[in-house]
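The listed protein sequences derive, respectively, from chains A and B.
For the first sequence, this note's numbering assigns the number 1 to the initial residue and increments by one for each residue that follows.
For the second sequence, this note's numbering assigns the number 1 to the initial residue and increments by one for each residue that follows.
Hints listed in this document are in silico derivations from the structure and should not be mistaken for laboratory results.
Any given hint could be a false lead.
The calculated DSS-like cross-link candidates involving lysine-lysine, where the alpha carbons are at most 27 Å apart (straight line), are [what the hints assert, rightly or not]:
{"#": "1", "chain 1": "A", "residue 1": "Lys581", "chain 2": "A", "residue 2": "Lys503"}
{"#": "2", "chain 1": "B", "residue 1": "Lys40", "chain 2": "A", "residue 2": "Lys581"}
{"#": "3", "chain 1": "A", "residue 1": "Lys956", "chain 2": "B", "residue 2": "Lys40"}
Here are a few chain B residues that face chain A, going by a calculated C-beta distance under 7 Å [claimed, not checked]:
{"#": "4", "residue": "Thr32"}
{"#": "5", "residue": "Leu35"}
{"#": "6", "residue": "Gly38"}
{"#": "7", "residue": "Gly121"}
{"#": "8", "residue": "Arg123"}
{"#": "9", "residue": "His125"}
{"#": "10", "residue": "Val127"}
{"#": "11", "residue": "Glu130"}
A virtual CB, placed ideally from N, CA and C, is assigned to each residue, including glycine.
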Amino acid sequence: MSIRKERTGAVLVVGSGIAGIQASLDLAGSGYLVYLVEQSPVIGGNMPLLDKTFPTNDCSMCIFSPKLVECARHRNIEILTCTELQELRGEPGRFKAVLLKRARYIDPEKCTGCGDCAEVCPRELDDAFNPGTSARKAVSRPYAQAFPNAYVIDREHCLQCGQCSRVCQVGAIDFTRQDEILEIEIGAVVVSSGFELFDPSSLPYYGYGRFPDVLTSFEFERLLSASGPWEGRLLRPSNLQEPASIAWVQCVGSRNIRIDRGYCSGVCCMSAIKEALTARARGPLNLRTDIFFVDLRTHGKGFEKYRVQAEGQGVRLIRSRIYAVTEKEGGDGLLIRYADEAGNIFTEEYDLVVLSVGLQPSGGFLETAGKLGLSLNRYGFCEPVELTGVATSRQGIFVAGASSGPKDIPGSVIQAGAAAGESARYLAGSEGTRVPSVVELSPEQDLTGSEPRVGVLVCRCGSNIAGVIDVPKLAEKAGELPGVVYAGEHIHACSQEGQNKLKQVIREHRLNRVVVAACSPRTHRGLFQETIREAGLNRHLFEMANIRDQCSWVHLQDPDRANVKAFDLVRAAVARAVRLKPVETFFSVVNPRALVVGGGAAGMTSAISLADRGYQVSLLEKTGRLGGLASGMVQGFRGEDVPEFLSRLIKATAEHPKIEVLTGAEIKNVEGTAGNFTTTLGDGRKIRHGAVIIATGGAEYRPVEYLYGQDSRVLTLLELEKALAGREPAVAGAKTVVLIQCVGSREPERMYCSRVCCTKSVRLALRIKDQAPGTNVYVLFRDLRTYGFYEDLYQEARSRGVVFIRYETDAKPLVEANGERLKVTVTDHILRRPLEIQADIVGLAAAAVAPEENQRLAHLFKVSLNEDGFFHEAHVKLSPVDFSTKGVFMAGLAHGPKNLEECIVQAKAAAARAATILSRTRLESQGTVAVVQREKCAACLTCVRLCPYKAAEIKKGAAEIEPTLCRGCGICAGECPNKAITLLNYEGPVLFAMSSELCRGSCEDERV
Amino acid sequence: MIIAEQKPLAEIAGFVKDCERVLVAGCGGCVTVCLSGGEKEAEILAGALRIKRRIEGRPLETVTYTAPRQCDPEFIEAMDCVVQGVDAVISLACGVGPQYLAERYPDLPVYPAQNTKFAGGSRAHGVWEEYCGLCGDCILHRTGGICPVIRCPKSIQNGPCGGSQKGKCEINRDLDCVWQLIYDRLKRLGRLDLLKEVAPLKDWSKSRDGGPRRVIREDVMI
């Protein structure tokens, strides 16, 4: 432990996409100082470019933006934009990093994002965010929600004319700034440099770069986006007309060994389906949407249903690798020539062609990896060390996100959590040593008995607001409103100067409520709330009127009515402000012990992650021994020795001084909430814990198909693996082995892909070939889903003579016992006629299924299951290991089918998320919470049933809402049939007062 | 609980078309729990009536009051002050409420805002099912805790009819045959013998056939 103490409690995160941001948040939340280094001027990576996200069709920016804001505001995260890693010195645990911070010329601390500079900039350029389709200036903001909320000067194109620095009212622009070299001390590094897209212009047959209507998938995303070039209208770049037909071409720059890009990019099939669905929703009524694919890889959670839904809505899936995209004679239209599986050649015409381009490591990653001393795989990705999920070739350096291999958003978020967890585990004992100490605030003003004294600050926002709204007049009128004792205008309310002035007027005018009429509370509420708190006011005595985004920006053409509306908005805000009450913060003490349910690979990994960080862990296993499903495995997907790995893991778990293993244990009852659960076991023992990780694993489906259970030569993959390892004569002596895919998966009763079986089958096929090269191996499949680098195995299997035959669900293979051998009949997809295979062994890729007991656990922990019996995460994309019930997390197969390595990553991520609770001494309520008037409550259960966070419970005949779980969403208050629940500061009278003020102005306006 | 469903707005508005000021009375009992007549619904109904009348150019004034229950005289008496000056009362309680109100306020018209449906429970949030026929002579002890009186469309007392097909009722494919449910449950309990018992004729005089019923508990009376 003494050595550990010397490790530096700070982590360098390289790259600020979703993976970097998630890793930073998890680390910062557990008491580590984070340096988040980003090469570009803004954080966020690729996610802001996306329009929607699959499979929920959530708007990408809408779900991501809160994370950006949280990251930007976190006191333990230092964001360094325009910064590159130069060198890493020292030893793991005590690294020194040298960073080059390029001069921004615009100080992001001072810049308020008003845009006056861009207004005067004489230089127009192509917009990198919407390439080739819209223009920007040499000083610009990459996109509306970007953080830092500051303009950026493009050094390459800036003429240094100085016009911008003259108009900048906050003096943020300084051309004399120089690049800086920073040296920072860190204990660990998380590499999350993300990906970039394959450039399809190197493959001329796709026509990219030659025909304007051939786009990459990301360009198409921009086209669909509301912040895109045509504000979300789907138009053809060539003639700005609506397209009548769109084709997607899959595997452009993926699964292509001719250009040494053999791997599968994993995400493009789903993103093409999503884009097709979105296009159908946005485009003309009879839009034709065709996807040309090789294998449709919808192997993620919920993806198969999404595909079925897309087909139902008219997305056509064409199984073909196309030959070429050409232009129709005379222009106006693109032709795709392709062959179907039977070899018939077709030509179809489209208005738009979208190339689903593959992912590759981001530019400069090779160099960064070199500086960090990391070894990369043949494709330039930093593939993690086997069965670690996040470790690199160097101690103290962890990898997350697409730097480690192509992955989708949840995959990146999970891996980021794991990398954060492993960094924290590596630096255990040093948490809290480098983070800024918490400033003790003066006590809040007591408002008892005092009349409201409202101050209204109207922000000019440079010319953003003042260009349309008569700000002095608005301030003057606001000053006359009842309850208002001060009203004044500010050039930039959010600038440091503006904040100081705010504190000053609070003091001078003894304000007890503040209204800021400026921009969006989404980005600025937190900032102002902190300021008024520093001035001694409760954070909730604050209200904003958004007279910029919701007024001056949108009513630029109609200043007269915009002025009326601005006053309406201010009046409504004041009407609320005078009625605001201070909100008390509730606290609950956290018990720093974790409970892990399930003693498989995932459960043990989570337990060790937490125990190594110093937390006591109780690990429950219902059977008599640890190991779970992995006990039946022999070889990992990358050739790992699973029994050896597992025995080490079991030993480490069993011998860990902080882990208490309880086998044969069953949970009888669970009480309490995040921070303070009490779980009662079957034997009456009570465990008190602050967080719980559910890692109950899964099972292999027992098939009823293909003579399984009737003929001993028909085995499941796990049985076959065991038999192969044991060189059982029946298997070892087999001349012909047939492996049948999708047994029990992708069927109406189990409409999901089990994700692991294709790769497992290919692995086993190769093992058979290793053990007895002369054996004939046939794999009968529907879509071969060897995603990511597993595609290399598929390639290898084919080159070594494994025969892959595709079958359709309407002509499933037939297995018959035929005396000595098994006769397998399958319709070959190319020959279009039945083939008979005389097999000795048939292996069935049986589905991964959820254990039935999940139902009971779900009920006990107040969490939900999806219709397939797997646990339902808080958010498919951004909270893939959390439940919406706070303090409960999940890992491994319990969440959905995944391979051993993926289970390990998720287990580490779940531990990291649990640690963000366990590392705190107390939990506090998040602000406004719902309150029940017990005497009005009819105990009707409406709130209990509807609360997404499971904060409501009926106790002693009436509803009670646990304040530390309540997030103030107001659903219960809105739905309570007897109006027994209110959300403080959002009560009916407050909202009525606001809405009547909002209506009044327009009524008067109409009369005029 | 009693399950009730609000009448269409137009119908309720028709009741009070000549009124200028009405009391909209919610009930904090069953109808609150079945989400059709608590304080929230009372205020929504009052708001909807006001909007409708304003659009029609004849504004209506409303007063809302939600009694803890409208089926107890004490809670009705508490409404004496809110009925002052109203032309009519609209009750959002089950059929009991309007009658109690009508008794208490003999000079005021009282209108029902609900169609009172049945005695039942919630299956899921927003779904209610009929479970009790209020027959006054419970036989659930003989039928595995499943009521054929109300859950069989024919109220058959002695086993399924010919319309029971694969466990479903002939009147609706989505409706389970209650006798199938009874049989399955008794089988599971090992009590199929109960079905062999000859039950006496059901005494419908304890039900509605005997006219309106009354329960008197002398032991608790004062």
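#### Entry: Ascending list of hint numbers which this structure does not respect
Failing hints, ascending: 7, 8, 10, 11.
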